[in-house]
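J.: These are the residues of each chain, in order.
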Amino acid sequence: MTSTGAPTVSPPSPTSAMLQKFTSSWERRAQVKRSGVLDVPFQPALPDFLPHLLPPTLASELDALAPAERSRLLSYGWMAFNQKAIDVEHHVLVPACLRLLEQATEAGEQVAVEAVSQAMVDEAYHIYLVRQANQRTLEERGLSAPDFPLSRTVERMREHQARHPAARQRDLTVIGAAIVTEVFIKGYLGELSQAEGVQPLSVLTTRAHLADEAVHSSVFLLLAEQVYGGLPEHERDFFTEVLIRAMSWFPDPELAVWEVAIRAAAVEGGERLIQRCWQCPPPEVDYAELSAFLRRVGVGDVERHLARLHAAEVNLPS
Amino acid sequence: MQREVTPVRASCDASRAVLQKMARSWYGRAQVRRVQDSDELSFDLARPDFAVDLLPFKDHPRFQQLDERDLQRVLSSAWLAYNSKTLDIESGIVSPFCQDVLAGRVPGLRDEVSQQTVSETLVDESFHVLLTVNATNLTRRMRELPILLPPSLLLRLTERCLAEFAEEWQRTLARLAVAVVSEVFISDYLLLLSNSDVLQPLHRVAVEAHRRDEAAHGVVFRHLAKVVFEALSPREQEFFAAMLPKPVRWFAAQDRDIWMAIFRQLEIPNTHELVNDCVVRHDREISAIDYSGVVELARELGVTEMSVGMDAFQTEGLVA
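Keeping their order, the protein sequence lines are chains A and B.
Just so you know, my numbering puts 65 at position 65 of the first sequence, and the rest follows in order with no gaps.
So the mapping is simple: my numbering equals the position in the second sequence, first residue as 1, plus 318.
Same shape as in the complex, but just chain A (with noise of 0.2 Å):
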């Protein structure tokens, strides 16, 4: 159909094209398609959860406790750290899928739009996963639920929406949030994933997570150059802000939530071990594959947004 008025279909873009390799491929790779991983065996004498994942100054408290103490500390260690996965799932890539989902149907972008539903199956799926994970591990060890604040990464994302609150800004936040979370959260889940000694449990939901997750980098840095593409001049100062910023809040500690967890673990000594906790340094954040995607679409002066962020570390004011 070409005559005047009508919407013509346009030939895909570079950008669909690609994002057309991970959408045909979705059927056989998507975790929530297999089956297995909830009901591995449990085995009681591992840990849930890596020592060195903890907060580094809380890890080199670990061997001081006693076995029970040290098995419990781990267990809500596990939970705290899936706590993370839980709530930027929920309160940042599930709402970014929404958003997206109805950008790209009024821009007609029918690539775009079967990737981000596939990946919404899929976060909503790993929800589940990891809600299901923490519960099977409460029950397994006899422990009661804690309850954790929100994480940190969720409420720097809202403080920054709650200072632009106009919808079209609310919306480029959390879409430019849930952009920085897929590249960052692959680091996150990476060592665990592989992990040796640790409860298959921890070890195999996690392998699934990431599984989902290393594809959808790709797709959603593929996501972000369409919208970014998409953009007026104005947007896209406020997008490249968001990103940047973005880089400091989905690697913070969540210190708060590991309070939390060593109260939760009821440990000798544990108000001191919370002290510890917060004396930990900031953490290494890898910023490469983000700034590349910045230098990609054209956005000048990474360096010295970088620099900048770096100076402040992760404390930079949203």
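Source of the hints: derived by calculation from the structure; they are not laboratory data.
All C-beta atoms, glycine included, are put in the ideal place defined by N, C-alpha and C.
Mixed in with the good hints there might be a few duds.
As the list claims (entries may be wrong) - For the chain B half of the interface with chain A, some residues (derived, Cβ under 8 Å), not all of them:
(1) Gln417
(2) Gln434
(3) Leu466
Could you slot chain B onto chain A? The hints should help.
T.: Just chain B now, kept in the frame of chain A:
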């Protein structure tokens, strides 16, 4: 949201037991885990994409004058519109409600079983979005029909209504009411097409997979509604009772903007009157819709025993 301790009645315990059963069986039941891409079915260009009988203007003289090509293009567009409304329900109404629950914003649904059930429902709904998106994209491609549709009337009316409420708890409960009504209606809505034997086989398979999940959701949402209702303060219960019947007409209404957009983009002239006639006639015919499920739910909740609830159902013409 105001919290008050409400005694848990036996019906609420029974609902929680049903929810627990549904939560445990999800992994084996969910269509996202069962439906596989099939190469056996291909798009049959000779089959229509939608059933003529389901068009609101099927008897209108102007419609009956359409030539075969335009008729097929109207049917394909009707299928896109049907999917667009489904998409709006899934991603614009039910998924945000699931997000409300998972954020702990919905009274009565903060326990583990409710949270599990709703996280499963969110996976299902996301999968339905994907099914719908795939069906839409495929149809657009195969029929070379790149029409763009405005948001559905149901979503527009829902958003307009939500915007009127200043408080978060009101928006949460209003979204619950629209989600519950949609979930009660959607199985019948899908059944219309999954039963049609003239239809494109690919579409029928997608609709049937969706319908199977929704049959379970119909049960889940009735019980979620009961659990929530029990946990509400009297003021919140009154708000919900007044809200519950409103989405029935929104769901059933004929969507003038969508049909206008379709005929305009298909460049089929002289259809203004056809759309107007069918919308006006349809709006008089609420009695033609089977809304008994919503009335039954209202009775089970005790909404129709409350004067505000009874008034609201009478105002909407749903009870005598």
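J.: So, for every hint listed, does it hold in this structure?
T.: Hint-by-hint comparison with the structure:
Residue-level restraint check for Gln417 (chain B) holds (minimum Cβ-Cβ distance to chain A is 6 Å; threshold 8 Å). Hint status for Gln434 (chain B) relative to chain A: holds, with the closest Cβ pair at about 7 Å, below 8 Å. At its closest, the beta carbon of Leu466 (chain B) sits 6 Å from a beta carbon of chain A; the interface hint therefore holds under the 8 Å criterion.
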